[in-house]
Structure formats: structure tokens, C-alpha cells
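With the hints in hand, could you dock these two chains into one complex?
As given, the protein sequences belong to chains A and B, one line each in that order.
My numbering numbers the first residue of the first sequence as 2 and each following residue consecutively.
My numbering numbers the first residue of the second sequence as 9 and each following residue consecutively.
Be careful, since some hints might not be right.
As the list claims (entries may be wrong) - Below, computed lysine to aspartate or glutamate pairings styled on DMTMM-like, alpha-carbon distance capped at 20 angstroms:
| no. | chain 1 | residue 1 | chain 2 | residue 2 |
| --- | --- | --- | --- | --- |
| 1 | B | Lys-48 | A | Glu-136 |
| 2 | A | Lys-31 | B | Asp-36 |
| 3 | B | Lys-101 | A | Asp-81 |
Just so you know, the hints here were simulated from the structure itself, not pulled from any lab data.
Residues per chain, in single letters:
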Amino acid sequence: MKVSAVRQALLLIALALVPAIGEAIYFRNKVSWQSPIPASELVTAEQAQSWGDNVIWVDARPSEEFDRDHIPGAISLNEDRWNELLPQFLGQWSPERTVVVYCSAQSCNASREVAKRLREEAQLKNVFVLDGGWERWLKLNR
Amino acid sequence: MVKSFPWRIVALIIGGIFIYAGVLKAMDPVGFANDIDNYKILPWTIGVRLAFYLPWLEILCGLAVILGLLYRGGLLILTALVSIFIAASVISKVRGLDITCGCFGHASKYLSFFGHLLLDLAIFAGLIGLSISNRAQQSQL
Chain A
2 MKVSAVRQAL LLIALALVPA IGEAIYFRNK VSWQSPIPAS ELVTAEQAQS
52 WGDNVIWVDA RPSEEFDRDH IPGAISLNED RWNELLPQFL GQWSPERTVV
102 VYCSAQSCNA SREVAKRLRE EAQLKNVFVL DGGWERWLKL NR
Chain B
9 MVKSFPWRIV ALIIGGIFIY AGVLKAMDPV GFANDIDNYK ILPWTIGVRL
59 AFYLPWLEIL CGLAVILGLL YRGGLLILTA LVSIFIAASV ISKVRGLDIT
109 CGCFGHASKY LSFFGHLLLD LAIFAGLIGL SISNRAQQSQ L
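Pulled out of the complex, with its shape left as it was, chain B reads as follows (with noise of 0.2 angstroms):
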């Protein structure tokens, strides 16, 4: 885990927001699996499974990221996740359907495309940043 402090905020925030993002959607599986299928890239019968899944896998990364524990796993999850996401708004994007990323829930139904693209995006290089200044924490010792 990321000892210095600024990075140690970065972790919170990042870990808070998907926590945050999680409670939201495992809260309403049913609204998310549609989210989901809103994308038209997986079946209605493994994107309704995914909706059940991914709320507690995005809670319990964001836990790992603050309090330290799985710490590297956590990142790890959490960069694919994103990287995911991104992928699949920018495809979606691209094939002209109009969307909402159903990353926060029914919340995010009223940011734009690019809020969520930047918001994703801010989100990645702080994983990124993370994960980069752990390495060099871990070389040091």
C-alpha cells in the first residue's frame, strides 16, 4: 500500500468512488442489468448475471485500495474494470447508440458522454498512479 500522503488521498478517493459506485448498483440489479444491456455487446442472460456481480467486485476493490488489504489485487481489478468501461462507452459511442455508462447507477443518467469519458479517464491515471508509485515503493525497500 502507498504510504505517502498525497498518494494515500488519491487511494481514498479512488477506492471511495467505488465503493460509492458499487452501493449504488447492487442496490438496484435490475435497473444496472439493463444498463448493461443497453451496451448490446453481451446477452441479456450473462449481462444479468454480471449485474449482480460487479457492484460487490467494485465494493470490495475500493475497500482493498483504502484500508490496504489485496491492496495490489484490488488495483489491478480496478484498472481492468475502468479500462473496460472505457472501451465499451467508446464502442458504444462509435456504433451510435446513445447511452448512459450506468456506472453510477441511475445517478449517471444525467452526465454526458465525455463527463463520463473524462470522469473514467481521471480515474484510470489515478490507478495508474497507484499502481506506479507502489512499485517504486517497493523497490526501495
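This is chain A alone, in the form it adopts within the complex (with noise of 0.2 angstroms):
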């Protein structure tokens, strides 16, 4: 009776596969495979620092690291205080400058949730990821 349920297990495991890649090759153009943040949406520490003045920082981690220490000239902008701190980000948004969001590392997921809140709220159009986060901005700068 063992066998006769893995075997049905089995048999559902495979045709399971079936929609799914269906589905796969339907969203293949939609979807990021190899990072959860599409390579057009993220930026490096380096070229968001060559495009000098016309960048916002947007900070998106909690409020009390902002207050320990933050990239100069960045703004606070997180999903907790997100109804608080957002009007006072768009006071100093302007449609000519480019947003670049952080969050601490590579890992967090902050930056991406601030970023497509902007994106899709805010309805603004140059937001990018920074790239290692933080944690990189701070390897090149300190």
C-alpha cells in the first residue's frame, strides 16, 4: 500500500510539471530567473555615483539605521513609516533626477519593495536598485 501512494505521489509530481512549464514559457519574457531584481532595474554603486547630482538616495531601511548612518543626501523612505516619509520624498523628487533605492546587502528585500512602491503608487519611472546595497556603497566609500 506504501509503494501504491508514492507511486500516485509520483504520478501527480509529474503531471503537476506540465501546467507549470506552460506557465513558465508564457511568463519566460516576465519573470527575472537569475535575481529577483531584473537587470534592468538594478544599477551599481559605481555608475549611480557617475550620474552625481541627478541622483535621489532613497534609504529603505528601518528609520533607526538610517539614523546611525545613511549615504549623505539620502532621504528615509521605508514600507513601516511609508504613509509619513513618502510626502516628504516626493517634496524633493523632481521628474529630471533618478531614484536609487538601498537597502543593507545583496540579501534584504527592502529596496525592492520601496522600489516598485514608487513605481507602481508613486507612478515614477526612473527608480533603480542599488546593487550589494549598503553594504557595497560603504566597501567603496569608506
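In C-alpha cells form, the structure reads like this:
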């Protein structure tokens, strides 16, 4: 009986591959398969710094971490205090400036989420995520 | 497949939950991939592929439990999946990650950790009950 349940499970596992592969083919150009952030939305610290004053740095880390230290001129905008901080950010934003969002390191999600909300909710266009985050910026600058 | 009326109802509810959860996630695989990534257990390259696969596995297993086709296989997989969900949620909580489980796509955003855990444990108990009742029924034949 045990073997039979395992065989049935294997059959279900194989059957589920069919619609999954179909959906993956349908979404193949809409998903970033190698990294959670599509390459077109990522920017390196070197490249962002070369844009000079045209960049608005957005710190997506918790406010306590921002208060401790941040990229000079960065604006704090995190999901916990989104409604409170967004108007302050929009007050400093202008259409010709490029927004670069960062969080702690490569593995954090906050910058991705904040960048997504800026694109979708605030309808901003030039929004990038800093590759490697705050750690990478620190390594380059201090 | 269990034939007693109360267990048929349990099978319908549990199968229905997995079909509902699977359809929600299959409609937004990228969102589900982000939910998997939030656990910080699997690399993105694996998580994103699982995000396309797991919803369909849940749907098929939910259908198997409701329709009684490949019934034991469906129960086996769903029990394994719920065990993994529970383990991953607890590990994440212990690691201090404040995340949503993503079990019901972004709809689960508003359920607390303990809400999720209770729901998962109830489903797990139901699946074990279905397996035991099915085994008892088989041994009577």
C-alpha cells in the first residue's frame, strides 16, 4: 500500500510539471530567472555615483539604521513609515532626477519593495535598486 | 478514498483550500516567488522555479483528494507540503524574519504568524485524520 501511495505521488508530481512548464513559458519574458531584481532595474554603486547630483538616494532600511548612518544626502523612505515619509520624499523629488533605492545588503528585500511601490503607487519612472546595497556603498566609499 | 460522510466533508474542505491557495498563487507566480524569497532559505533561482511549480501541484493534489483519484498520493504530498510550510514558518520566526507565509498569495498578508500556524496545524491534523481513516477503511476490506 505504501508503494502505491508513493507511486501515486510521483505521478502527481510529474503531472504538475505540465501546466507549470506551460505557465513558465508564458511568463518567460516577464520574470527575472537569475535574480529577484531584473538587471534593467539594478544599478551598481559606481554607476549611480557617476550620475552625481542627478541621483536621489532613498534609504529603505528601518529609520533607526538610517539615523545611525546613511549615504550623504539620502532620504529615508521605508515601508513601516511609508505614509509619513512618502510626502517628504516627493517634496525633494523632481522628474529629471533618478531614484536609487538601497537597503542593507544584497540579500535584503526592502529596497526592491520600496522601488516597486514608488513605480506602482507614486508612478515614478527612473527608479533603480542599488546592487549590493549599503554594504557595497560602504566598501567603495569608506 | 474515504467514504464516511464526515471525512468526505473534511476531504472537500482541505482539497478546496489547496485548490483555492494554488489558483491564487498560480495567478501571481512572481508575487509567490517573492514570498518564497522572503524566507531566505532557498536561492532565488530555485525559488522562482518552485513558484511556478508548487501552485499546480497543490491544485492537482487538492483535486485528487476531492475526486478520490490518486487519493493516497495526493494526501501524501499535501501532508509533506504542510509539514514543510510549518517548519519554514517556525524557522523564519525563530530567525526573526517578519514575513508573510504567502500560502494564499498576497491575500495572506493580513493573517498573523499564529493565525497561519493554527490554520496549517488544523490542515495537518485533517490530512492525518484522512490518512488514518482511509487506512482503517482499507483494512476492513
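Hints versus structure:
Restraint check for Lys-48(B) and Glu-136(A): satisfied, since their Cα atoms lie roughly 18 angstroms apart, inside the 20 angstroms limit. With a C-alpha separation of about 11 angstroms, the suggested pairing of Lys-31(A) with Asp-36(B) holds against the 20 angstroms cut-off. The suggested pairing of Lys-101(B) with Asp-81(A) holds, with an alpha-carbon distance near 19 angstroms, which does not exceed 20 angstroms.
Checked against the numbered hints listed earlier, the structure breaks none of them; every hint is satisfied.
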